[in-house]
Amino acid sequence: MTLDADTILSVRDLRTWFKGRHSIAKAVDGVTFDLKRGKTLAVVGESGSGKSVTSLSIMGLLARPGAIESGQILFRDRQERVHDLARFSQKQFRALRGREIAMIFQEPMTSLNPLYTVGDQIGEMIALHEPISPSEARKRALEMLRHVEIPDAAGRLDDYPHQMSGGMRQRVMIAMALACSPSLLIADEPTTALDVTIQAQILDLLRRLQDQFGMSILFITHNLGVVAEIAHDVVVMYAGRVVEQAPVMELFARQTHPYTRGLLACTPDAERDLGSEGERQALYSIPGSVPPITDLPPGCAFEPRCGYAVPACRNALPPLVKAGENSISRCIRSHEI
Amino acid sequence: MSAPEAPLLDVRGLTKTFVGRNGRTVHAVSDVSFSVRRGTTVGLVGESGSGKTTAGRSVLRLIEPSGGKAVFDGVDLFSLSEREMKAYRKRLQIIFQDPFSSLNPRMRIDAILSEALDAADFARGAARRERIAELLAIVGLSPDHARRFPHEFSGGQRQRIGIARALAVEPEFIVADEPVSALDVSVQAQVLNLLGDLQKRFSLSILFIAHDLSVVEYLCDDVVVMYLGRVMESGPSRKVYANPRHPYTRALLATAPVPDPTRRKARVPLMGDIPSPINPPSGCVFRTRCPMAIEACAQAIPPVEDLGGNHHVACIRHAELA
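Chains as they are written, first to last, in my numbering: chain A, -15 to 321; chain B, 119 to 440.
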């Protein structure tokens, strides 16, 4: 198991399937990407793309019948030891989760326990991994609330989650996640449930904390605007597979997969979509909808919706090929896009 | 010069308070005024707790307003009895946000549309099936979809059904309450195009409730920006977006993420949270988060000032943002 020195996480040909009695849902089917130390990698996709199942696979939080079918999830811990999380037992995960890898979710209300104060919950998290006294845990919890810039942190330590706003609860979640200074933070749509002004605060906070603590972030989102704000590198997923990967500047400057291009084109942009008198031009839209992952075509999964499709797209799954300076694309016509 | 045509809907001083069990009053909507001209789309924008949904539903009296007027085609809807209002309902319809919970899962699509037609005594008997097929065609679905159940459709298709239901009785005015927020981006564009086309085809007037500023800029002729139950700024979209005169509108536009990393902003995000509508700040409700707030902002509710060309703003320091 070798890993480049500057890589903290390497997902290699990961397949996570949900096997039913009559069908197999290939939620993640051959996903490969690397996350560089101290950087933010955004995984973008719509519902059903497999982005969340990818993150749950990494955390060992898959629910049955979901299971890793094949592939590797190589992770470098703080002692520079490399583990394959795809082979980890729940016991091994318990030692790792929270301390080395932490996760924040979309809905902070359902991830926090309504019966305990936020101070207790952050303290419990620390006590789980380090032998510290209750008063020490409380002190550390307060320190974390200050790190995530909760105003009047001392006064909020004994608050219950319901006494806080959505933005404050997400800050508490981040405080809990970072309490043991993990080297990898997985953020699954952490700002999706928040208003734009609060979303901006949380994105700013994550960027500052990354500078301060140096953790690497795997950021799962459906929002290309958020990607442009926070990511260093981007992986675009469609129907359980990576269709394009590139550094953020390169991706937005030139897309090398028709799906990425379509996603960007169908986000309304007044400069492009309104005429000089403000008259509306029809928005570009991707016809049809995402195919069911239980019944994917043998070739390119995007082919039925793709304006660039040719008969060859239907025959075999296109390989990921170099398509730009630092980008790869799963499209046989990537050079024409 | 002829007098300007009266707007189809003119809302003045709309107020809605809810009283909780503990006797505390929630000021959901306070003194909100705006109008919708015939054949135009007005965007009602704001964050959660801004009162935009309550305002939209109050206009239709799906929530009974506490005060104000909503003059629709010359008649104040708020002065009508339940029975009189019923006659107006077929002229004013609504499209809901969540196409998953707004369609009865046990009813086939034709029954869902039929129910809407029944409510307004529309297309009885033999005309019924034809009307249903016509509606499905209007929203880009096929006639054989009529016998299916909601779960057999994708999110985008369900929203098309929601739109067909709203259009069933040929309304003049539609409240669209975040109709694309629950949809994937690639499907959003399809539904926005459909709404734009239908508006032209049927000369609809639409009140479009949204939190996504780029969608509103694209779709709406006019925009009304709400915060904590009050209107901060309103006017023609092009003017408001090009030259926002309220610090809140500025902040909203500055914080909305743009899919372009070269425009990544060195922005100062708004501090703090939206205050509770149970106990809104005195004076200007935005002052607790406003980077420009001064003492005078706490003293009185800022008057709505006319900037010309139908552009209005409620900020005592708006001149400094010109």
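In case anyone wonders, no lab produced these hints; they're calculated from the structure. Backbone N, C-alpha and C fix where the C-beta goes; we use that ideal spot for every residue, glycine too. Be a bit skeptical, because a hint or two may be false.
[To be verified] In silico lysine to any residue, SDA-like type, Cα no more than 25 angstroms apart, as pairs:
1) B:K208 <-> A:Q265
2) B:K318 <-> A:D253
3) B:K357 <-> A:R256
4) A:K20 <-> B:E270
5) A:K306 <-> B:F271
6) A:K3 <-> B:E270
7) A:K23 <-> B:H269
8) A:K23 <-> B:K357
9) B:K357 <-> A:A266
10) A:K306 <-> B:P379
11) B:K318 <-> A:K23
12) B:K318 <-> A:Q265
13) A:K20 <-> B:K357
14) A:K20 <-> B:T171
15) B:K318 <-> A:K306
16) A:K23 <-> B:F271
17) B:K357 <-> A:P271
18) A:K3 <-> B:F271
19) B:K318 <-> A:K20
20) A:K3 <-> A:F77
21) B:K318 <-> A:S260
22) B:K357 <-> A:G262
23) A:K23 <-> B:P387
24) B:K318 <-> A:F77
25) B:K318 <-> A:K3
26) A:K3 <-> B:H269
27) B:K187 <-> B:D149
28) B:K318 <-> A:A254
[Stated by the list, open to error] What the simulated footprint calls covered on chain A by chain B, stretch by stretch (three residues with Cβ under 8 angstroms from a Cβ of chain B suffice, anywhere in the stretch; the number is not a length):
29) 70 to 79
30) 137 to 147
31) 163 to 171
32) 191 to 203
33) 223 to 237
[Stated by the list, open to error] Here are a few chain A residues that sit away from chain B, every Cβ distance over 10 angstroms (derived from the structure):
34) R(-1)
35) F2
36) A47
37) T101
38) R124
39) H206
40) N207
Verification of the supplied hints:
Restraint check: the Cα-Cα separation between B:K208 and A:Q265 comes to about 30 angstroms, which exceeds 25 angstroms; the hinted pair is violated. With a CA separation close to 21 angstroms, the supplied pair B:K318 and A:D253 stays within the 25 angstroms bound. Of the supplied pair hints, the one linking B:K357 and A:R256 holds, its CA atoms being roughly 17 angstroms apart against a limit of 25 angstroms. A hinted pair counts as satisfied when its Cα atoms are at most 25 angstroms apart, and A:K20 with B:E270 does not qualify at roughly 42 angstroms.
Straight-line distance between C-alpha atoms of A:K306 and B:F271 comes to about 37 angstroms, which puts the hinted pair past the 25 angstroms bound. Straight-line distance between C-alpha atoms of A:K3 and B:E270 comes to about 22 angstroms, which keeps the hinted pair within the 25 angstroms bound. Restraint check for A:K23 and B:H269: not satisfied, since their Cα atoms lie roughly 41 angstroms apart, outside the 25 angstroms limit. A hinted pair counts as satisfied when its Cα atoms are at most 25 angstroms apart, and A:K23 with B:K357 does not qualify at roughly 40 angstroms.
Pair hint B:K357 plus A:A266 holds up; C-alpha atoms about 22 angstroms apart against a cutoff of 25 angstroms. Under the criterion of a C-alpha separation no larger than 25 angstroms, the hint pairing A:K306 with B:P379 is consistent with the structure, at around 22 angstroms. With a C-alpha separation of about 48 angstroms, the suggested pair B:K318 and A:K23 falls outside the 25 angstroms cut-off, and the hint is violated. Distance restraint check for B:K318 and A:Q265: the Cα-Cα separation of roughly 13 angstroms lies within the 25 angstroms cut-off, and the hinted pair is therefore satisfied.
Restraint check: the Cα-Cα separation between A:K20 and B:K357 comes to about 44 angstroms, which exceeds 25 angstroms; the hinted pair is violated. With a C-alpha separation of about 43 angstroms, the suggested pairing of A:K20 with B:T171 is violated against the 25 angstroms cut-off. Only pairs whose Cα atoms come within 25 angstroms are accepted, and B:K318 paired with A:K306 is rejected, the gap being roughly 45 angstroms. Between A:K23 and B:F271 the alpha-carbon distance is near 40 angstroms, which puts this suggested pair outside the 25 angstroms criterion.
Taking the CA atoms of B:K357 and A:P271, the gap is near 33 angstroms; set against the 25 angstroms cutoff, the hint is violated. Pair hint A:K3 plus B:F271 holds up; C-alpha atoms about 23 angstroms apart against a cutoff of 25 angstroms. Simply put, B:K318 and A:K20 have alpha-carbon atoms about 50 angstroms apart, too far for the 25 angstroms limit, and the pair is violated. The straight-line distance between the Cα atoms of A:K3 and A:F77 is roughly 23 angstroms, inside the 25 angstroms bound, and the hint therefore holds.
For the proposed pair B:K318 and A:S260, the alpha carbon gap of about 19 angstroms is at most 25 angstroms, so the pair holds. Annotation: proposed proximity of B:K357 to A:G262 holds, straight-line Cα distance about 11 angstroms (limit 25 angstroms). Annotation: proposed proximity of A:K23 to B:P387 holds, straight-line Cα distance about 23 angstroms (limit 25 angstroms). Of the supplied pair hints, the one linking B:K318 and A:F77 is violated, its CA atoms being roughly 57 angstroms apart against a limit of 25 angstroms.
Annotation: proposed proximity of B:K318 to A:K3 is violated, straight-line Cα distance about 48 angstroms (limit 25 angstroms). Among the hinted pairs, A:K3 with B:H269 is consistent with the structure: their alpha-carbon atoms are about 22 angstroms apart, no more than 25 angstroms. Between B:K187 and B:D149, the direct Cα distance comes to roughly 10 angstroms. Compliance with the 25 angstroms bound is thereby established for this hinted pair. Pair hint B:K318 plus A:A254 holds up; C-alpha atoms about 19 angstroms apart against a cutoff of 25 angstroms.
Restraint check on the segment 70 to 79 of chain A versus chain B: 0 residues with Cβ-Cβ distances below 8 angstroms, three needed, restraint violated. With a cut-off of 8 angstroms between beta carbons, the segment 137 to 147 of chain A has 0 residues touching chain B; three or more are needed, and the interface restraint is violated. Taking a C-beta to C-beta cut-off of 8 angstroms, the segment 163 to 171 of chain A contributes 0 residues in contact with chain B, too few for the three needed, and the coverage statement is violated. Requiring three or more residues with a Cβ within less than 8 angstroms of a Cβ of chain B, the coverage given for the segment 191 to 203 of chain A is violated, as only 0 such residues are present.
With a cut-off of 8 angstroms between beta carbons, the segment 223 to 237 of chain A has 3 residues touching chain B; three or more are needed, and the interface restraint holds. With a least beta-carbon separation of about 24 angstroms from chain B, A:R(-1) lies farther than 10 angstroms from that chain, consistent with its non-interface assignment. With a least beta-carbon separation of about 19 angstroms from chain B, A:F2 lies farther than 10 angstroms from that chain, consistent with its non-interface assignment. Non-interface status of A:A47 relative to chain B is upheld: no Cβ of that chain comes within 10 angstroms, the nearest being about 21 angstroms off.
For A:T101, the condition that its CB be more than 10 angstroms from all CB atoms of chain B holds, with the nearest at approximately 19 angstroms. Every CB of chain B is more than 10 angstroms from the CB of A:R124 (nearest about 25 angstroms), matching its label as outside the interface. With a closest Cβ-Cβ approach of about 7 angstroms to chain B, A:H206 is found to fall inside the 10 angstroms limit, against its non-interface label. A beta-carbon of chain B is positioned within 10 angstroms of the beta-carbon of A:N207; the least distance is around 7 angstroms.
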